[in-house]
Amino acid sequence: MIDVGGGFRAIFGAGVMDRCQEEGITFDHCYGVSAGSANMVSFLAGQHGRNHKFYTEYAFRKEYASFDSYVKHHNFANLDYVYGTLSNHDGEYPVDYEAFAANPTGFTVIACNALDGSAKYFDKSDVHYDDFNIMKASSAVPVACEPYVIDGVPYFDGGIVDPVPVQKAIDDGYDRIVLVLTRPKDVLREQKRDIAPARILRHSYPAAAERLLNRYATYNDEVALAKEDERDGRVLILAPDDLCGLSTLSKSFEGLELMYRKGYAAAGAIANYLAN
1 MIDVGGGFRA IFGAGVMDRC QEEGITFDHC YGVSAGSANM VSFLAGQHGR
51 NHKFYTEYAF RKEYASFDSY VKHHNFANLD YVYGTLSNHD GEYPVDYEAF
101 AANPTGFTVI ACNALDGSAK YFDKSDVHYD DFNIMKASSA VPVACEPYVI
151 DGVPYFDGGI VDPVPVQKAI DDGYDRIVLV LTRPKDVLRE QKRDIAPARI
201 LRHSYPAAAE RLLNRYATYN DEVALAKEDE RDGRVLILAP DDLCGLSTLS
251 KSFEGLELMY RKGYAAAGAI ANYLAN
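First residue of the sequence shown: 1, per full-length UniProt numbering; consecutive thereafter.
It is possible that part of the hints are untrue.
[Unchecked claim] In silico DSBU-like links for lysine-lysine, alpha-carbon gap of 30 Å or less:
1. 168 - 185
2. 227 - 124
3. 124 - 53
4. 124 - 185
5. 168 - 192
6. 227 - 192
7. 227 - 168
8. 192 - 72
9. 168 - 62
10. 124 - 168
11. 185 - 53
12. 53 - 72
13. 72 - 62
14. 185 - 227
Hints listed in this document are in silico derivations from the structure and should not be mistaken for laboratory results.
Could you build the full structure based on these sequences and the hints that come with them?
Take a look at the structure:
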């Protein structure tokens, strides 16, 4: 399964995974991009409903994501709060790390190396007790967040380098792939929203800025590939039919609930797809 994330729209994937848990559906490998990687940690830990609570309750706190957070921490989304304060063993809703580590499902998290613009594929061995740094790296939206540094290397959101990693999953040997998108699958990304932040980013991280500037083409090409594979039966695409008023960094409670329900309903197709 692949979850492409998408900020607050990624609650669609939370609905998908809660239904998978209810129906006992498991996967050989999970690939997470940005917020999709966080969804998958809860899924692999068997914590039904945890993601829903984060999106519909914690996300409305100013500590979670706000202009105040940007002023204080230079991050609109306070990644240390989300993946540390709330998620560590002594947090408000800790990850069941023992269950996560014991789950045999493989796990890959995609981030963008801010220095050279290359894709970094972290794996399960990079997640440790009270150490969810690879999710922070994968979720660091350029300009809205500072890059997250791991082992001396700064990383940005994986969505600017490999936003829909279907080819990665195929290259890894998988031929039955459930792809969770958080935009309608026939809606193309446009470049215009990335031009201004790419200009800002170019001064400090030119390679990452180039990735951001061309994200629209990368995303559109990778979705087109996924559609071809869907026709061949290698991919099942789950996607909402509208955005419910949500974007990467903006939300409403009603929109979040609606998007969650759309994901939950869409997941009804998974069992039959995997059985055939």
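Verification of the supplied hints:
{"no.": "1", "hint": "168 - 185", "in the structure": "19 Å, holds"}
{"no.": "2", "hint": "227 - 124", "in the structure": "28 Å, holds"}
{"no.": "3", "hint": "124 - 53", "in the structure": "24 Å, holds"}
{"no.": "4", "hint": "124 - 185", "in the structure": "29 Å, holds"}
{"no.": "5", "hint": "168 - 192", "in the structure": "27 Å, holds"}
{"no.": "6", "hint": "227 - 192", "in the structure": "24 Å, holds"}
{"no.": "7", "hint": "227 - 168", "in the structure": "15 Å, holds"}
{"no.": "8", "hint": "192 - 72", "in the structure": "28 Å, holds"}
{"no.": "9", "hint": "168 - 62", "in the structure": "36 Å, violated"}
{"no.": "10", "hint": "124 - 168", "in the structure": "16 Å, holds"}
{"no.": "11", "hint": "185 - 53", "in the structure": "26 Å, holds"}
{"no.": "12", "hint": "53 - 72", "in the structure": "25 Å, holds"}
{"no.": "13", "hint": "72 - 62", "in the structure": "11 Å, holds"}
{"no.": "14", "hint": "185 - 227", "in the structure": "9 Å, holds"}
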